[in-house]
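Protein chains: 2
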Amino acid sequence: MAEYLAPLRDMAFVLHEIAGLGRVAQLPGCEEASADVVEAILAEAARFAGAVLSPLNRVGDRAGTRCHDGVVTMPPGFGEAYRQFIDGGWNGLGCDPAHGGQGLPGLVSAAVQEMWKSANMAFSLCSMLTLGAAEALERFGSAEQKAMFLPKLVAGSWTGTMNITEPQAGSDLGAIRCRAEPRVDGSYKLFGQKIFISYGEHDLAENIIHLVLARLPGAPEGVKGLSLLLVPKFLVEADGTLGPRNDLRCVSIEHKLGIHASPTAVMSFGDDGGATGHLVGPANAGLEAMFVMMNAARFAVGLEGLGLSERAYQQALAHAKERVQGREIGGAATAVPIVRHPDVRRMLMSMKSRVEAMRALAYFVAAAQDVATRHPDAAERQRNQACVDLMVPVVKGWFTENAVDIASLGMQVHGGMGYIEETGAAQHLRDARITTIYEGTTGIQASDLLWRKIHRDGGAALGAACARMRQTLAELEQSAGADFAAIHAAFAHGVAALEEAAAFVVAHATQDSRGVAVGAVPLLNLMGIVSGGWMMARSALAARRKSDAGNADSFLEGKIVTARFYADHVLAAAPGLAWTVTRGSPGALALGEEQF
Amino acid sequence: MAEYLAPLRDMAFVLHEIAGLGRVAQLPGCEEASADVVEAILAEAARFAGAVLSPLNRVGDRAGTRCHDGVVTMPPGFGEAYRQFIDGGWNGLGCDPAHGGQGLPGLVSAAVQEMWKSANMAFSLCSMLTLGAAEALERFGSAEQKAMFLPKLVAGSWTGTMNITEPQAGSDLGAIRCRAEPRVDGSYKLFGQKIFISYGEHDLAENIIHLVLARLPGAPEGVKGLSLLLVPKFLVEADGTLGPRNDLRCVSIEHKLGIHASPTAVMSFGDDGGATGHLVGPANAGLEAMFVMMNAARFAVGLEGLGLSERAYQQALAHAKERVQGREIGGAATAVPIVRHPDVRRMLMSMKSRVEAMRALAYFVAAAQDVATRHPDAAERQRNQACVDLMVPVVKGWFTENAVDIASLGMQVHGGMGYIEETGAAQHLRDARITTIYEGTTGIQASDLLWRKIHRDGGAALGAACARMRQTLAELEQSAGADFAAIHAAFAHGVAALEEAAAFVVAHATQDSRGVAVGAVPLLNLMGIVSGGWMMARSALAARRKSDAGNADSFLEGKIVTARFYADHVLAAAPGLAWTVTRGSPGALALGEEQF
Chain V
1 MAEYLAPLRD
11 MAFVLHEIAG
21 LGRVAQLPGC
31 EEASADVVEA
41 ILAEAARFAG
51 AVLSPLNRVG
61 DRAGTRCHDG
71 VVTMPPGFGE
81 AYRQFIDGGW
91 NGLGCDPAHG
101 GQGLPGLVSA
111 AVQEMWKSAN
121 MAFSLCSMLT
131 LGAAEALERF
141 GSAEQKAMFL
151 PKLVAGSWTG
161 TMNITEPQAG
171 SDLGAIRCRA
181 EPRVDGSYKL
191 FGQKIFISYG
201 EHDLAENIIH
211 LVLARLPGAP
221 EGVKGLSLLL
231 VPKFLVEADG
241 TLGPRNDLRC
251 VSIEHKLGIH
261 ASPTAVMSFG
271 DDGGATGHLV
281 GPANAGLEAM
291 FVMMNAARFA
301 VGLEGLGLSE
311 RAYQQALAHA
321 KERVQGREIG
331 GAATAVPIVR
341 HPDVRRMLMS
351 MKSRVEAMRA
361 LAYFVAAAQD
371 VATRHPDAAE
381 RQRNQACVDL
391 MVPVVKGWFT
401 ENAVDIASLG
411 MQVHGGMGYI
421 EETGAAQHLR
431 DARITTIYEG
441 TTGIQASDLL
451 WRKIHRDGGA
461 ALGAACARMR
471 QTLAELEQSA
481 GADFAAIHAA
491 FAHGVAALEE
501 AAAFVVAHAT
511 QDSRGVAVGA
521 VPLLNLMGIV
531 SGGWMMARSA
541 LAARRKSDAG
551 NADSFLEGKI
561 VTARFYADHV
571 LAAAPGLAWT
581 VTRGSPGALA
591 LGEEQF
Chain W
1 MAEYLAPLRD
11 MAFVLHEIAG
21 LGRVAQLPGC
31 EEASADVVEA
41 ILAEAARFAG
51 AVLSPLNRVG
61 DRAGTRCHDG
71 VVTMPPGFGE
81 AYRQFIDGGW
91 NGLGCDPAHG
101 GQGLPGLVSA
111 AVQEMWKSAN
121 MAFSLCSMLT
131 LGAAEALERF
141 GSAEQKAMFL
151 PKLVAGSWTG
161 TMNITEPQAG
171 SDLGAIRCRA
181 EPRVDGSYKL
191 FGQKIFISYG
201 EHDLAENIIH
211 LVLARLPGAP
221 EGVKGLSLLL
231 VPKFLVEADG
241 TLGPRNDLRC
251 VSIEHKLGIH
261 ASPTAVMSFG
271 DDGGATGHLV
281 GPANAGLEAM
291 FVMMNAARFA
301 VGLEGLGLSE
311 RAYQQALAHA
321 KERVQGREIG
331 GAATAVPIVR
341 HPDVRRMLMS
351 MKSRVEAMRA
361 LAYFVAAAQD
371 VATRHPDAAE
381 RQRNQACVDL
391 MVPVVKGWFT
401 ENAVDIASLG
411 MQVHGGMGYI
421 EETGAAQHLR
431 DARITTIYEG
441 TTGIQASDLL
451 WRKIHRDGGA
461 ALGAACARMR
471 QTLAELEQSA
481 GADFAAIHAA
491 FAHGVAALEE
501 AAAFVVAHAT
511 QDSRGVAVGA
521 VPLLNLMGIV
531 SGGWMMARSA
541 LAARRKSDAG
551 NADSFLEGKI
561 VTARFYADHV
571 LAAAPGLAWT
581 VTRGSPGALA
591 LGEEQF
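For the record, the sequence lines run as chains V and W.
With full-length UniProt numbering applied, the first sequence has no gaps in its numbers, which climb one by one up to 596 at the end.
With full-length UniProt numbering applied, the second sequence has no gaps in its numbers, which climb one by one up to 596 at the end.
It cannot be assumed that every hint is accurate.
One copy or two, it doesn't matter: identical chains are merged, so the pair holds either way.
Here are the computed lysine to aspartate or glutamate pairs in the DMTMM-like style, where the Cα-Cα straight-line distance is at most 20 Å [stated by the list, open to error]:
1) K189 to D69
2) K224 to E181
3) K321 to E594
4) K546 to E477
5) K146 to D457
6) K146 to E237
7) K189 to E422
These are calculated hints, taken from the structure and not from any lab test.
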C-alpha cells in the first residue's frame with residue numbers, strides 16, 4: 001500500500017481560486033497567512049502526514065488499542081508520533097496565540113487537518129476532540145479555567161474529550177441522566193456512565209480533560225437541564241501541577257468495525273464517592289456549549305469524509321495504474337493497466353470529482369467561517385455566518401455519505417484484492433463507516449438542515465446561496481465550448497431542483513411536519529450534490545480564466561473535464577432527489593408498525 | 001441479535017402472484033411442486049435456517065477458519081450443521097433425481113437458497129459451489145464421470161470448487177497459466193497456483209472435487225485455449241472408494257473483510273510431480289463449461305444479495321421497534337421507539353421495498369429458467385431463455401450493489417451501536433461487500449449486459465421486456481387511487497428512461513464503444529431499478545386484485561404502499577441514470593492518465 005501524498009497542487013488551487021485565501025489573509029489577525037507562509041506550512045504538514053502518520057495507519061488498524069484494568073495502551077508508534085505532532089506545534093495551528101496557538105486562519109487549519117484525516121484518521125481524532133474542548137473552554141470557561149487548561153490543551157500536552165452519549169441517550173440528549181452534586185468548595189461530585197467516548201482513555205498525554213454533560217440537582221427535564229462540567233483525569237493543583245487521580249475510569253474499550261486505533265471508551269464517573277468536576281459556563285446551559293464543540297466537530301468529521309475519500313482515491317488510482325488486466329476496448333490484444341478500461345475510469349472519476357467538490361466546499365465554508373469570525377463589518381460577518389450554519393450539516397452529512405461510497409468504490413477498483421485486509425482498501429471503508437454516525441447521524445444532520453437552517457428563516461439563507469449559484473450559472477452561460485455547455489445544463493437542472501425542493505419544504509413544513517421530514521435526507525443529498533456542483537462549476541471557470549490568462553496546462557484542463565464528469569454523473573441525480581423530497585412522504589408513512 | 005425468520009408469507013406471495021408457481025408446476029418434471037408440497041418444504045427450510053444456520057452466522061464470523069499445514073479447520077458447529085444439511089437432502093433439492101436429487105423446480109430451489117443466504121451466507125457458499133460443479137459435470141462430463149462424481153456431489157458428501165482465478169488472471173481469464181500435461185493413461189498432470197478458491201479446503205466432507213481451468217500443451221492463447229479439468233483432493237478408485245491423496249494443497253487462507261467462515265484458499269497443484277486431473281468435455285472448451293458454472297453462480301450470488309439484504313432489514317427493523325429514543329415529531333413529549341421517526345421509516349422502507357423488488361425479480365427469473373429448461377414448446381423455451389440471459393447480470397449486479405447499500409443502511413438504523421461488532425449489523429456489510437466483486441464484478445456484469453445481452457441482438461430481448469413493462473403500465477393506468485397514480489407516474493418515467501438509454505447504447509455501440517462502455521454500470525443500475533419497479537407494480541396490481549376479490553387485509557395494503565414508496569424513492573432515480581448513460585462519456589474519458 002502506497003503512503004499518502006498530500007495533493008498540494010489541488011489544495012493550493014482551491015485555497016486561492018475558490019476559498020479566496022488572499023481575502024482571508026486580509027482579515028484582522030490573519031495577516032501572517034501570506035501565500036508563501038501557507039505554502040511552507042502545507043509542505044511541512046504534507047511531509048509529516050506522509051512520513052510519520054500514514055505508515056502508522058495500518059499499524060493502528062491491526063494492533064488496535066488494548067484496555068487492561070482501566071489502562072489503555074495505544075498501538076506501537078502512536079506515542080512517539082503524538083510527541084512529534086505536538087512538538088511541531090501542529091495541535092494549536094488554528095488556536096489563539098494568547099494561549100500558545102499559531103493563530104492561523106481556520107481555512108489553513110482545514111487544509112492541514114484534511115491531511116491528518118487522510119494519513120491517519122484514528123490518530124487525528126485525538127487532536128480533533130482536544131480542539132473541540134479548547135473551543136468550548138475558550139467560549140464559556142472562566143478566566144481561571146482558561147488560564148489553567150487552555151495552554152495545555154492548545155499545546156496538546158493534555159487532551160480533551162466530549163462526554164455526551166449514555167446508553168439510553170444517543171441522538172436524544174434530553175435523556176441524559178449523568179448527575180453532578182455541588183460541593184461546598186464550589187466544585188461538583190459527578191456520577192454516571194458515558195459510552196462511545198473517543199480517546200476517553202489513552203497513554204498519549206499526561207492528563208485528559210473530560211467535558212461532561214450532566215444534570216445538577218433540580219435541573220429541568222430534557223435538554224434545558226444539561227450543564228457542562230470539566231472533569232480532569234488527574235486533578236490539577238492551583239500551581240498547575242498534577243494532583244491525585246480523579247474518581248473516574250475507563251471500564252472498557254469497544255470492539256469496532258473500524259478506527260481501531262481510536263480508543264472508544266465506556267467511562268464511569270463517581271464509583272468511589274464522586275468525580276470532581278467544575279461547572280463550565282452557567283448551570284443548565286450545557287447544551288449551548290456542547291453545540292460549540294459539536295459544530296466544530298461536525299465540520300471536522302466532514303473533513304474526515306474528505307480525507308478518507310482522498311486516501312481511498314489515491315490507493316485505487318495507484319492500483320489502477322499498476323494492475324495489468326484485460327485488453328483495451330477497440331485496442332490491441334495486449335493486456336493494459338486497468339486505468340484504461342472505461343468502467344475503471346468511471347469509478348476513478350467518480351471518486352476524484354467528488355473529492356474535488358468536497359474539498360472546494362470544505363475550504364469555501366472554512367473561509368466563510370474566518371470571515372464570519374473576524375470581518376470588521378457586522379453585516380458581512382452575519383451573512384457569512386448564515387452561510388456557514390447552512391453548510392455545516394451538508395459538510396458533515398453529505399461528505400461522510402460520500403466517503404462510505406467512495407471507500408467502497410476504492411475496494412471495487414481493486415477487485416478481489418480489495419476484499420483482502422492486507423491490501424488496505426477495506427480499512428478505508430471500515431474507518432469511513434463511523435463518520436455518518438458519530439457527531440450526529442446523517443438523519444440528525446438532515447433534520448438540522450431542514451428545520452433549523454432552512455425552515456426557521458423561511459428559506460432565506462438557502463435562497464441567498466441559490467442566488468449566488470445563479471450568478472455562477474450566468475458565468476457558465478458566457479463560457480464557450482461543449483464542456484461548459486454540459487456543466488451549465490446539469491447545474492441548471494440541479495439548482496432548479498434544489499429551489500423546488502426547498503420551496504416545497506418551506507411551504508409544507510408547518511402543516512405536514514412528518515411528511516416533510518421524510519424528505520430530509522434526500523434534501524441533504526440534493527443540497528450536497530448541488531453545492532458540490534456549484535464548487536465544481538466555479539473551479540472550471542477559474543481554470544478557464546487562468547488558461548485564458550496564458551497559464552494553460554493539463555492541470556487546468558483537468559479541472560474543466562472533472563467538472564464535466566461531475567455534472568453528468570453526479571449532478572444528474574438532482575432532479576430525482578427533488579422528486580423524492582416533494583412526493584416521497586405517503587409511501588414512507590402509510591404503513592402501520594405491524595405491517596413492517 | 002435476533003435470529004433469522006424466513007419471510008414465508010412474502011415468499012409465498014411472490015411465488016404465486018409474480019413467479020407463477022402454478023404454471024411452473026405444470027412443466028414436465030415439475031409435477032410434484034404442488035402448492036402444499038412447496039409450502040411444507042419452505043416451512044421446513046425456514047426451521048433449519050432459523051434454528052441451525054442462523055445461530056452459527058456470528059460464530060463463524062468470530063472464529064473464522066484456520067489453516068495449519070494445509071489442513072483447514074472450520075468454525076465450531078459447522079461440521080455438525082453441514083451433516084444435518086446433507087442428511088436433510090437440502091443439497092440436492094433442485095438436482096436431477098437420476099443422481100439422487102429431489103428434482104424440484106429452480107423456482108423452489110431459489111426460495112430455499114434465499115433462506116440459506118440470509119441465515120448464514122458463508123455456510124451457504126459450500127453448497128453453492130458444489131452445485132455449480134455438479135451442473136458443469138451434468139452438462140459436460142462423460143458418462144463415467146457422471147456416474148462416479150454426481151451422486152456424491154448431489155448428496156453433498158463430496159463438495160466442489162471452481163478454480164479459475166490466478167494472481168495475474170482475475171477478470172481476464174485469457175491470462176490463465178495453469179497447465180495440464182497428458183499422461184499415457186488419458187489422465188493429466190496439473191501444475192499451477194490458483195487464488196481466491198472458495199471452500200478450496202475444509203473439513204466438512206471426505207472429498208473435494210476441484211474443477212480447474214488450465215491449458216493443455218499447444219493450446220491457443222487467450223480464453224480459447226482453456227480446458228476444464230476435474231481434480232479430486234483424494235483420487236477415486238474405480239469402485240468409488242477413496243484412494244491416495246492427490247498432489248494439491250491449500251497453501252494459505254486469506255484474511256478477508258467478511259465471510260470469515262468461508263475458507264478462501266490459495267491452492268497449489270503439482271508441487272510434487274503433478275496433480276492428477278481428468279478432462280471434462282472437449283479440450284479447449286473449458287470456458288463454455290465454466291460459464292455454465294458461472295451463470296448458475298451469478299444468479300446464486302444475486303440471491304446472496306437478496307438474502308443478506310433481508311437479514312440486514314430484519315435486524316434493523318427489530319432494533320427500530322425496540323430502541324426508544326427521541327419524541328415523535330408533532331407528538332407527545334415522551335420518548336418513542338425510533339421506528340416512529342420519519343427518517344428511520346424512510347430507511348426501513350428503502351430496505352424493505354428493495355428487498356421485495358429483488359425477491360420478486362429473482363423468483364421471476366428462476367421461473368423463467370424453469371420454463372426455458374422444461375417447456376415443451378421451443379419458442380416458449382427460447383423466449384424465456386432470452387429473458388433469463390438478459391436478467392442474470394441484473395440479478396447479480398444490481399442485487400449485490402443494493403445489498404452493500406442496504407447492509408450499510410441497516411448499520412445506520414442502529415446508530416452508534418451499529419458500529420460495534422457485537423451488535424452484528426456490521427457483519428452484514430462486511431459479508432455483503434464481496435458480492436459485488438466475486439463471480440464477476442459489477443463492471444463485468446454491466447459489460448455482459450451491455451454487449452452480450454443488449455448490443456448483440458440489437459436490443460431485441462430488452463425491447464421484449466420493455467413491451468411487457470408497458471403492458472403493466474397500461475394495467476396501472478386502469479387502477480384507481482393515488483397510490484396507483486403515483487406508481488404509474490414514476491414507472492412511466494422509468495420505462496421511458498430505460499428505453500432511451502438502451503436506444504442510445506444500440507445506436508452508438510459500434511462507432512463509440514469506449515464511450516458507450518462508460519455508461520455500462522449506470523445502465524445496469526437503471527435496468528435494475530426499472531425491472532424492480534416492474535415487479536413492484538405487478539405486486540401492487542396483484543394485491544389489488546386479491547383485495548378486490550374479497551381478501552383485503554393489511555398485508556395486501558402493505559404491498560401497494562411499499563410499491564408506492566419504491567416508485568418515489570427508488571424509481572425516481574431512473575431519469576438521472578439515463579442522463580448519465582447518454583451524456584456521461586466525454587467527462588469520463590477526456591483525461592490523460594497523467595492528469596489523474
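For each hint, the structure was consulted:
When the C-alpha separation of K189 and D69 is checked against a cutoff of 20 Å, the pair qualifies neither within a copy, at 23 Å, nor between copies, at 59 Å. Taking the shortest alpha-carbon separations for K224 and E181, only the intra-copy value of 17 Å comes in at or below 20 Å, while the best inter-copy value is 80 Å. Taking the shortest alpha-carbon separations for K321 and E594, only the inter-copy value of 10 Å comes in at or below 20 Å, while the best intra-copy value is 52 Å. Taking identical chains as interchangeable, the C-alpha atoms of K546 and E477 lie at most 20 Å apart only when both belong to the same chain, with a minimum of 18 Å there against 55 Å between chains.
For the identical chains of this complex, K146 and D457 are neighbours neither inside a copy (35 Å) nor across copies (75 Å), given an alpha-carbon limit of 20 Å. Taking the shortest Cα distances, K146 and E237 sit within 20 Å of each other inside one copy (14 Å), while across copies they are farther apart (84 Å). For the identical chains of this complex, K189 and E422 are neighbours neither inside a copy (47 Å) nor across copies (33 Å), given an alpha-carbon limit of 20 Å.
Comparing the model with each numbered hint stated earlier shows that hints 1, 5 and 7 do not hold.
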